[in-house]
Amino acid sequence: MNQAVLITKHDKAKCIANALAPLGFDVVESNAFDTDSLGTFAGDIERTLSPKEAALKKAKMACELLGAEFGLGSEGSFGNGPYPGIVNWNDEILCFYERATGQAIYATASGPFAISSIQVNSETCRDALLKKLNHFQSQRWLLKFDERVIKGLSSETLIETLADKQLTEALIEPDLRAMHCPLRQQMISKAADDLANRLSAICPKCNAKNFVVKEAIAGLPCEQCGLATQQIKQHKYHCECCDHTELKNTEQIAADPYYCQLCNP
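Letter by letter, the sequence shown follows residues 1 to 265 in full-length UniProt numbering.
These are computed hints drawn from the structure, not numbers from a lab.
A couple of the hints might just be wrong.
Subject to a maximum C-alpha distance of 25 Å in a straight line, what follows is the list of computed DSS-like cross-link-like pairs (lysine-lysine) [what the hints assert, rightly or not]:
1) 57 <-> 214
2) 190 <-> 60
3) 132 <-> 144
4) 14 <-> 214
5) 190 <-> 165
6) 190 <-> 57
For clarity, every value in this text was computed on a predicted model and none was experimentally measured.
Whole structure, please, built from the sequences with the hints as guidance.
As structure tokens, then:
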């Protein structure tokens, strides 16, 4: 099998390996590069790169530091999504870098993230708090107080720490590092499925990977009057390596009049 080296400190290979194994890739972890130097979720090290840039840097470092032919980079982010400020959102991006060709392939997955921060004080019921934390099994936590951050706490250890330090005010946040966050692990696995699809989609002209849909083209005609609607008519497949493009019609040949500006203004 071909080795794909994943630069990480956070045990992410198990989230990716199963998706890539059928394609002949053995995902191998390495901590040769300190990925925390690019920024941390806890905020003790500021992020200066976009998630896409960070994923590419990690993938390239895997090739440069270890002489790997294939490098993998993974980066997660939170707080964007369709409902900012209302629903917390998790975006995961994977970068697959091939040293011989210089091709970088990006795969993504995103969705709502159910865990939020919890402000506690001297009146907080610890039994109720423990029950709330235990709802998210295997999730670890951060405890922030007096400009300090304690990471990787289990629910029980967090409650004990609150008692031992007799804290009157503190902030509890989910530890978002992948090895401590099962919800992130699930999203990374979804991104790995997307990556597997891209790696197996081969350009018919140059045999490069990632010959997938790059654009959806509207214009499906109304079933009743024939006017073009905003419903998808074609999908555009494009190769970044040789610029070969193919347009493929959707299985649907006409749009419901409900979507027509003339029939249903």
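query = Against which earlier hints does the structure fall short, listed by number upward?
reply = 4, 5
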